[in-house]
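Chains as they are written, first to last, in the numbering used here: chain A, 1 to 123; chain B, 1 to 123.
The set of hints was computed from the structure by calculation and includes no laboratory data. Glycine included, each C-beta is placed from N, C-alpha and C at the ideal position. Misleading hints may appear alongside valid ones.
[As the list claims (entries may be wrong)] Which residues of chain A face chain B? A few of them, derived with a C-beta cut under 7 Å, are:
#, residue
1, 1
2, 2
3, 3
4, 4
5, 7
6, 51
7, 52
8, 53
9, 65
[As the list claims (entries may be wrong)] Label-pair distances were calculated between CB atoms; the ranges are:
#, chain 1, residue 1, chain 2, residue 2, range
10, A, 84, B, 43, 22 to 32 Å
11, A, 74, B, 89, 50 to 60 Å
12, B, 71, A, 44, 30 to 40 Å
13, A, 65, B, 72, 46 to 56 Å
14, A, 65, B, 34, 38 to 48 Å
15, B, 108, A, 72, 36 to 46 Å
16, B, 96, A, 83, 27 to 37 Å
17, A, 33, B, 96, 48 to 58 Å
18, A, 72, B, 31, 25 to 35 Å
19, A, 72, B, 67, 47 to 57 Å
Protein chains: 2
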Amino acid sequence: MIHRGHLYTISKAKSLGDVLVVVVARDSTIRKRKGREPVSDENQRSALISSLRQVDAAVLGVEGNIYDTLERVKPDVVALGYDQHHMESEIERESKARGIRLDVVRLDSPSPSLKTTALLKDF
Amino acid sequence: MIHRGHLYTISKAKSLGDVLVVVVARDSTIRKRKGREPVSDENQRSALISSLRQVDAAVLGVEGNIYDTLERVKPDVVALGYDQHHMESEIERESKARGIRLDVVRLDSPSPSLKTTALLKDF
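Chain A with its partners taken away, still in its complex shape:
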């Protein structure tokens, strides 16, 4: 499900370039990181993300290897969500080693309470 925290992140990412490609997490990654089934599956999440005006394309990621996706998408800028576990320095170093030129930006969050679980605490 999409909430205003996602929208904030997407607007910030869009402002960094002309075309916004969103990499959608695989179900297997969510199972591993969250220890539960995703509420919607990866194709449903991809369709939801694609329905947003500011999103030009959505692609499913490759579990455990973000560099295959980066080589396919060839972005000028990688925008990381405030809560994504990837390290800016590691992406910059590894991309350089593979001959990919890109900048990595860590997005901020308007408020840490803007998470699905927090929004739904009284639901």
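Given chain A, put chain B in place with the hints provided.
Frame of chain A, contents of chain B only:
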């Protein structure tokens, strides 16, 4: 929050015309109907709905009087969500009495389980 059930409804509504105006429920209406505070307030919900590619405009409704909104928006077609309480026949009769020409369509649902509460039952 927006889930794939909302997206289904919006796509169906969009297919009925050229310009899709979504009437967003007021907080007071949600409090009355659901007996709880809305998860996001009416302005946040309006911004979320406006972020969808298929939505041309979002307007806040008028509690207890849909006809003020209809007179402002002047739609050719009113698309009711499958779970909205309004009666098609009442809207048609009352619009006619006010000199507003419009058709009323009741949208179907892909599945009654596509509700936030159902989607989150295992969350």
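Structure-based check of each hint:
1. 1: Since the shortest Cβ distance to chain B is 4 Å, the answer is holds.
2. 2: holds, 4 Å
3. 3: Cβ of residue 3 (chain A) sits 5 Å from chain B, so the hint holds.
4. 4: holds, 5 Å
5. 7: Residue 7 (chain A) check passes; min Cβ-Cβ to chain B is 5 Å, inside 7 Å.
6. 51: It holds, given that the least Cβ distance between residue 51 (chain A) and chain B is near 5 Å, below 7 Å.
7. 52: At 5 Å from the nearest chain B Cβ, residue 52 (chain A) passes the 7 Å test, so the hint holds.
8. 53: holds, 5 Å
9. 65: Where the cut-off is 7 Å and the nearest Cβ of chain B is about 28 Å from residue 65 (chain A), the hint is violated.
10. A:84 - B:43: 22 to 32 Å: At roughly 28 Å between Cβ atoms, residue 43 (chain B) and residue 84 (chain A) fall inside 22 to 32 Å, so the hint holds.
11. A:74 - B:89: 50 to 60 Å: With a Cβ separation near 56 Å, residue 74 (chain A) and residue 89 (chain B) satisfy 50 to 60 Å, so the hint holds.
12. B:71 - A:44: 30 to 40 Å: The hint (30 to 40 Å, Cβ to Cβ) holds, given that residue 71 (chain B) and residue 44 (chain A) are roughly 38 Å apart.
13. A:65 - B:72: 46 to 56 Å: holds, 52 Å
14. A:65 - B:34: 38 to 48 Å: Distance hint for residue 65 (chain A), residue 34 (chain B) holds at roughly 44 Å.
15. B:108 - A:72: 36 to 46 Å: Since the Cβ atoms of residue 108 (chain B) and residue 72 (chain A) sit about 38 Å apart, the hinted range of 36 to 46 Å holds.
16. B:96 - A:83: 27 to 37 Å: This hint is violated: roughly 53 Å between Cβ atoms.
17. A:33 - B:96: 48 to 58 Å: holds, 56 Å
18. A:72 - B:31: 25 to 35 Å: For residue 31 (chain B) against residue 72 (chain A), whose Cβ atoms are near 47 Å apart, the range 25 to 35 Å is violated.
19. A:72 - B:67: 47 to 57 Å: Taking Cβ atoms as reference, residue 72 (chain A) and residue 67 (chain B) lie about 52 Å apart, which means the hint holds.
In this structure, the hints that do not hold are numbers 9, 16, 18, in rising order.
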